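Novice: Model the full assembly from the supplied sequences, consistent with the hints where possible.
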Amino acid sequence: MKQARILVVDDSIAIVNSLCAILKVSGFEVDSAFNASEALRKIHSKDYDLVICDIEMPGITGLDFLGRVRKDFDRELEVILMTGFLDHDYFIEAIRLGASDFIRKPIDSKQIIRSIQNILERKHKRNDSNEFYKYLDSTEISFALNPANFSKFAISKVFNSLLLQNFHLNRITLNEVLICVDEMIYNAFIHGTLQLTVAERIMDHVSLREIIDSRLQDPKIKAKRLRFSLSIDHLNESITVCVDDDGDGFDYQSWMQRVKLEPKLNLEEHGRGISMLYHLSDSMEFSRGGRMVKITKKLVQEPQE
Amino acid sequence: MSIDLTINGSISSMKIDGILNSENAHLLQEKLAEVLASKCTLLELDLLDCRNISSTGIGKILLFYKDFISTGGEIEVIRSSSSVYELFSMLKLNQLFTVNLG
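Protein chains in written order, with this note's numbering: chain A, 1 to 305; chain B, 1001 to 1102.
One or more of the hints may lead you astray.
[To be verified] Straight-line distance between alpha carbons at most 25 Å, and here's what the computed DSS-like set of lysine-lysine pairs gives:
no.	chain 1	residue 1	chain 2	residue 2
1	A	46	B	1015
2	B	1092	A	71
3	A	157	B	1031
4	B	1015	A	42
5	B	1066	A	152
6	B	1066	A	71
7	A	24	A	42
These aren't lab readings, by the way, just hints derived from the structure by calculation.
All figures in this text were calculated on a predicted structure; none of them were measured in a lab.
Specialist: Written out as structure tokens, the structure is:
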């Protein structure tokens, strides 16, 4: 089993040093941060099995940090919170936010190691599917979505969890794939399915929401579907994302010529999405009169240390 | 994604963390509307912890930019992640306003 990687977060250099020393001696790979902003930056760029974070820190507190991790990542990053105060409200809030454990300072080395081992053991049992995915030659996922249900989900969070939990993707690659998915699905919904005009698209959120809800009552739009497929070729280390809709399509050939010549820059609403897809992917192609778009991207794996 | 906005006299400071995409771009639109409604003349954007921005997010920034410069306002990206810096360079947004890396 690979060595677990733990991030220690505390504004006290002495506590960080002593806790890191305890963890290293116990066989863990350790990294440190001296405030929550630095910790958030680190977990954006690197995978950690567990974070141990102090609650009382200047700026973003440990509880705020945990809240941001849950909101931003929507995943089960294990976080142990530690505090020098036995405050009942802290404890309740930590549980509510989904802390994996809550420990008291000064740190009892046996207690923290026991806590980490229990958490990692539970996590390992949950993550058997990770090992399964690692040994597959290819993975394919596809689904069709009723547009009426589109707004019930944060699609990017669904894919963030799916890709992050099952495949060890490099963070920059993951972010670029998520942007591509967002561009493709949003276009299929807004243009292909709802056929919103430019003027409608730039309305404020409440007005746009009303228009979307009203369009979704139209039986012709209700009958449309958004189809999505994602395939990962583990042997060739590439990911392919394909989205198609039941709209009227568009003149994709002239747009492709334009984006190949020059990234689109204007203050209007047209063309930026295609330009983004073109530049973030390794290949992009349209079919079905522009109703289907497929991108392929080479995967850069997160190093397994 | 989270947005922290502070308006202090003529300067607004906005920090965006996470991925700005079509699902949350309206939150940016609301914050930018607050900036526009204030009397500030400089918007400092901190995008160091912004992991990436979709075309919808770019669209909100451009729409705001048009309105803001017409009132004499200026935008400066005081810090940006490498992904955002590359994106802004690719879209030539660094020709519209200053974009600093890191």
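Novice: Do the alpha carbons of residue 157 of chain A and residue 1031 of chain B lie within 25 Å of each other, as the hint requires?
Specialist: holds (22 Å)
Novice: Compare the distance between the alpha carbons of residue 1015 of chain B and residue 42 of chain A with 25 Å, and conclude whether the hinted pair is satisfied.
Specialist: holds (17 Å)
Novice: Keeping to a limit of 25 Å between CA atoms, is the pair of residue 46 of chain A and residue 1015 of chain B held or broken?
Specialist: Between residue 46 of chain A and residue 1015 of chain B the Cα gap is close to 21 Å, so the pair holds against 25 Å.
Novice: For residue 1092 of chain B and residue 71 of chain A, compute the direct alpha-carbon distance and say whether it is at most 25 Å.
Specialist: This hinted pair is violated, its Cα atoms lying about 31 Å apart.
Novice: Please verify whether residue 1066 of chain B and residue 71 of chain A have alpha carbons no more than 25 Å apart.
Specialist: violated (31 Å)
Novice: When you check the alpha-carbon spacing of residue 24 of chain A and residue 42 of chain A, does it fall within 25 Å?
Specialist: Measuring from Cα to Cα gives roughly 19 Å; hence the hint holds.
Novice: Assess, step by step, whether the Cα of residue 1066 of chain B is no farther than 25 Å from the Cα of residue 152 of chain A, and give holds or violated.
Specialist: Between residue 1066 of chain B and residue 152 of chain A the Cα gap is close to 32 Å, so the pair fails against 25 Å, i.e. violated.
Of the numbered hints listed earlier, those contradicted by the structure are 2, 5, 6.
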